[in-house]
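Asker: Chain residues, written in single-letter form:
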Amino acid sequence: MRVPTKPRRLMVRLVWLVVGLLFVGSFWGLDLEWAKIGELPSDVVHYFGLMFSDPDWSKLPEALFQTWRSVSMAWVGALLGVALSTLLGIPAAEGVGPIWIRLPLRWLFAVIRAVPEVIIAIILLTVTGLTPFTGALALAIGGIGTHAKWTYETIEATPTGAGEAVKAAGGNLLQMVRWGLWPSASPELMSLGLYRFEINVRTSAVLGLIGVGGIGDMLTGYVQFRDWSVVGMLIIVVIVVTMTIDAVSGRIRRRIMEGAKSIELDRIV
Amino acid sequence: MTNTLVLPPKPRTWPRNVGVVLALAAMTLLTTLPRLGGVEIDLGSIARNWSNAAERIGMLLQPDLSILPRTIEPMFQTLSMAIVGTVLAAALAIPLSLWAARPTNPNGLTRRAVRFVLNVVRAVPDLVYATILVAMVGVGTLPGVITLILFDVGIVVKLVSESIDSADSAYMEGGRAAGGTQTQINKVTALPQSWPVIASQVLYSLELNVRISAILGIVGAGGIGRLIDEVRGFYRYDALSTIIIEILVVVLIIEVVSNYLRKRLR
Numbered sequence: 001m002r003v004p005t006k007p008r009r010l011m012v013r014l015v016w017l018v019v020g021l022l023f024v025g026s027f028w029g030l031d032l033e034w035a036k037i038g039e040l041p042s043d044v045v046h047y048f049g050l051m052f053s054d055p056d057w058s059k060l061p062e063a064l065f066q067t068w069r070s071v072s073m074a075w076v077g078a079l080l081g082v083a084l085s086t087l088l089g090i091p092a093a094e095g096v097g098p099i100w101i102r103l104p105l106r107w108l109f110a111v112i113r114a115v116p117e118v119i120i121a122i123i124l125l126t127v128t129g130l131t132p133f134t135g136a137l138a139l140a141i142g143g144i145g146t147h148a149k150w151t152y153e154t155i156e157a158t159p160t161g162a163g164e165a166v167k168a169a170g171g172n173l174l175q176m177v178r179w180g181l182w183p184s185a186s187p188e189l190m191s192l193g194l195y196r197f198e199i200n201v202r203t204s205a206v207l208g209l210i211g212v213g214g215i216g217d218m219l220t221g222y223v224q225f226r227d228w229s230v231v232g233m234l235i236i237v238v239i240v241v242t243m244t245i246d247a248v249s250g251r252i253r254r255r256i257m258e259g260a261k262s263i264e265l266d267r268i269v
Numbered sequence: 001m002t003n004t005l006v007l008p009p010k011p012r013t014w015p016r017n018v019g020v021v022l023a024l025a026a027m028t029l030l031t032t033l034p035r036l037g038g039v040e041i042d043l044g045s046i047a048r049n050w051s052n053a054a055e056r057i058g059m060l061l062q063p064d065l066s067i068l069p070r071t072i073e074p075m076f077q078t079l080s081m082a083i084v085g086t087v088l089a090a091a092l093a094i095p096l097s098l099w100a101a102r103p104t105n106p107n108g109l110t111r112r113a114v115r116f117v118l119n120v121v122r123a124v125p126d127l128v129y130a131t132i133l134v135a136m137v138g139v140g141t142l143p144g145v146i147t148l149i150l151f152d153v154g155i156v157v158k159l160v161s162e163s164i165d166s167a168d169s170a171y172m173e174g175g176r177a178a179g180g181t182q183t184q185i186n187k188v189t190a191l192p193q194s195w196p197v198i199a200s201q202v203l204y205s206l207e208l209n210v211r212i213s214a215i216l217g218i219v220g221a222g223g224i225g226r227l228i229d230e231v232r233g234f235y236r237y238d239a240l241s242t243i244i245i246e247i248l249v250v251v252l253i254i255e256v257v258s259n260y261l262r263k264r265l266r
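Protein chains in written order, with our numbering: chain H, 1 to 269; chain V, 1 to 266.
Okay, chain V solo, but in the shape it has when bound (with noise of 0.2 Å):
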């Protein structure tokens, strides 16, 4: 007796792959159309732009660290205005956390206000608020910390909120069973429960904050942006070279740092 064996038919993919491919050409060939506003893809200007641009490539490769007392007054500014925003942003972003996520916040109407008011808040990118605020407020460090502000209650509420929303809610009900109001429940049980994750994303604003501060300066709201902004225009490229290399060393230890701390958490 003989066994043929008999290969299973393959599943039919290419109507989906062929659909999924064209759906990318097509919003490729569309984003590329200089008339439509897309972008020109114009791989000649770097031919043509080469001798100057290897000049400055030059000026950034080797960093003029005459300039390095000139940063380190605005890099505390940095690290201030990170960290200043870091703690009023979680300050403000525990209790509107409380109040977006379901267990904690069971009203439906001012749980889906806070969120919807959140989304707002996150669709506006960082530099456009720093933008609008320096010119309402005046240059200086204020709308910088607004900014951030902005900006990590954003993105805090909405990262601890979804974990509460997806957390055990056991101790929760035991305070309701226990006839607490839903203030004393959120205090004594969601609140000590979350902190670990309240902390890890508040570390991880911290870290993001320091890049994002690095460059609000160039708008005018305070930090070393604002020399990365000057020296931009007197094309010095090779003090730029200095100051990248700084936010670079100093971003990479806050990042080292917060992950630590971040793992001794869990």
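Extracted from the complex, chain H is given alone in its bound form (with noise of 0.2 Å):
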């Protein structure tokens, strides 16, 4: 029995080859010092033992008043922003809207993704101040980018039929839109608006930390301290709210789902 002889990949080894240099290249280039990345580990264990061998429950009413805060900055942020998508996703997806509406919108979503939330919220703080309110909009506002798309996405793939005959029928873009598009959208659009929230609860914490409120801001407030105990517990605090809000979000999708294919959903930004 002959063996066939094996393909000879030249393109499979240029790209490791590149991706091997690029990779030196970079690390050489980080200037990583040695001694700090061999104590890394005995590091780890200290600062895990003094965080979690024995955590700070007496702060923890504060934690998730501040819990609580950074959740309301997620929430106001999601409805805003999906309410800001789908008023500028659906104008944005072909079939809808003309071609000067819909590549200056796709071009706006695209800048919009390119932003991090955070400086988003350096900007906003300008006008609104160092306030949730603000984290509310920068959330908002940095949703629109991935919201929108996944607004027209999902509308693009929703089947014309219903939408061409309430044409022929004589109704105008707004009735098509709400008879011909809504219902067969709908469900995955309020699936993806759930989404939306959980990815928010994660960032709200994040912008906490540049100090716009929220378990964030209570996080590098102890951190600074150094105060490992509570800082310990506020971890546990983040990791079981937001597994938590993960798994009821994720349930409560599935229901809306229910019978609706599923496109792939869980693309995490």
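If you are wondering where the hints come from, they were derived from the structure by calculation, not from laboratory data. A quick note: this is a predicted structure, and the numbers were derived from the prediction, not measured. Note that the Cβ used here is the ideal one computed from N, Cα and C, for glycine as well. Be a bit skeptical, because a hint or two may be false.
Just so you have them, the derived chain H footprint on chain V, three or more residues with Cβ under 8 Å [as the list claims (entries may be wrong)]:
hint: 1; segment: 47-60
hint: 2; segment: 249-263
In the BS3-like style, the derived pairs of lysine-lysine whose C-alpha atoms are separated by at most 27 Å in a straight line are [stated by the list, open to error]:
hint: 3; chain 1: V; residue 1: Lys-10; chain 2: H; residue 2: Lys-167
hint: 4; chain 1: V; residue 1: Lys-263; chain 2: V; residue 2: Lys-187
hint: 5; chain 1: H; residue 1: Lys-167; chain 2: H; residue 2: Lys-149
hint: 6; chain 1: H; residue 1: Lys-6; chain 2: V; residue 2: Lys-187
hint: 7; chain 1: H; residue 1: Lys-149; chain 2: V; residue 2: Lys-263
hint: 8; chain 1: V; residue 1: Lys-263; chain 2: H; residue 2: Lys-6
Bring the two chains, given one by one in their own frames, into a single complex with the hints.
Answerer: In structure tokens form, the structure reads like this:
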């Protein structure tokens, strides 16, 4: 029996070479201190002990208050973000808006996608100050980038039959959107809206780090005081709250999508 | 003979709709009560701060290009961090994904353990890792790279193991029928089969990494974010705007390249 010769995979080797060179070049450019890398494992064990051997539960009430503030930012941000994204996303879908509306809108979404929420918050706080409202607004505006994209992709993926029927019966654009698109696209859109809330829960904790309030704000404070037992407690709170919200929201999303075909939802951003 | 057209009764959906609207309204009310910790929607503040804000927005609209030479080195640092983080995370994520997927790891106990740990890792936001690591190992790029690795491993393992779970496992059955051990099956069938997915998700994580590593410096974890924090402290909004535009351009370039490569992979 003759074994076929192995295919020569020049391209694959080239790709590996490029990746390798990029990696070595970048690693060299980082100037990492080798001594620190050596100490890393013992450091991690040391600080894990400080944080989790005896978490300080006396600050739990304040932590829960701040967590609710973060969750509130996430919710208000998701609500505003989804509303804005729906308004902007529907005309950006092919078959709804004309091309001179579609293209600029899509560019706008791409630009917003490229700017991290933290930077949006830094710009916004010149207007609204270091308040949770700034956090919510930053989440809303930052959310448009991905969410409006999902919105128009969802709308483009819905069957066009119903919409054409409305048009044929003499309906105008608004009526077509309401009776042709909305019924078939709404489960998907609501599910995506909830998913936006899940993402925002994570991001709102990050926004707290620049001082807009919430659990991130409290966490930075205690990290700076080096009060590790409180930091440990806060991390446990963040993990439990995030995982609980993910679980509940995930269950609701599955309920909404029951019967409707699900497209790839779990793109974590 | 006359045919009377009888319309079918409308399905009663209003109780459910009312329920959904009420639930949404209740959640919105609870999250906007400042006494409970909610967000105070203060549109008045926009009006009050308008003169101050208008001046700063004016500065943002006139980017100060003189800072550009100073941004080059931190920008390269940001990109280096993103690349190193992505590659190291990919190296860790490949064995872990095989461990976290049902066809490649039939042992329910270890599979659930790996999944649980990764769920916990994913529940902590990126900058929170960075803040804590900076306090642990000191200011620099090391905490930034570790943050990126933790973040990437979480998402790449989730996405890749899910795709292995849902992929056709005919080859693997062939391997099992031929008497291969699980390790041999994974190496010879599962891994080659999932290369395109792995490569695509790793590229996706590189995109996210560039975006994250641009802001890691705000908490002291290296890269261009350090400069953002500095110019923000001095209210140099004209310089800030240059940096934001630069990040925007770099992120968009990486996204275009990565999208092109990912299309080629399919």
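Asker: Checked against the structure, which of the hints given earlier come out wrong?
Answerer: Of the numbered hints, all hold.
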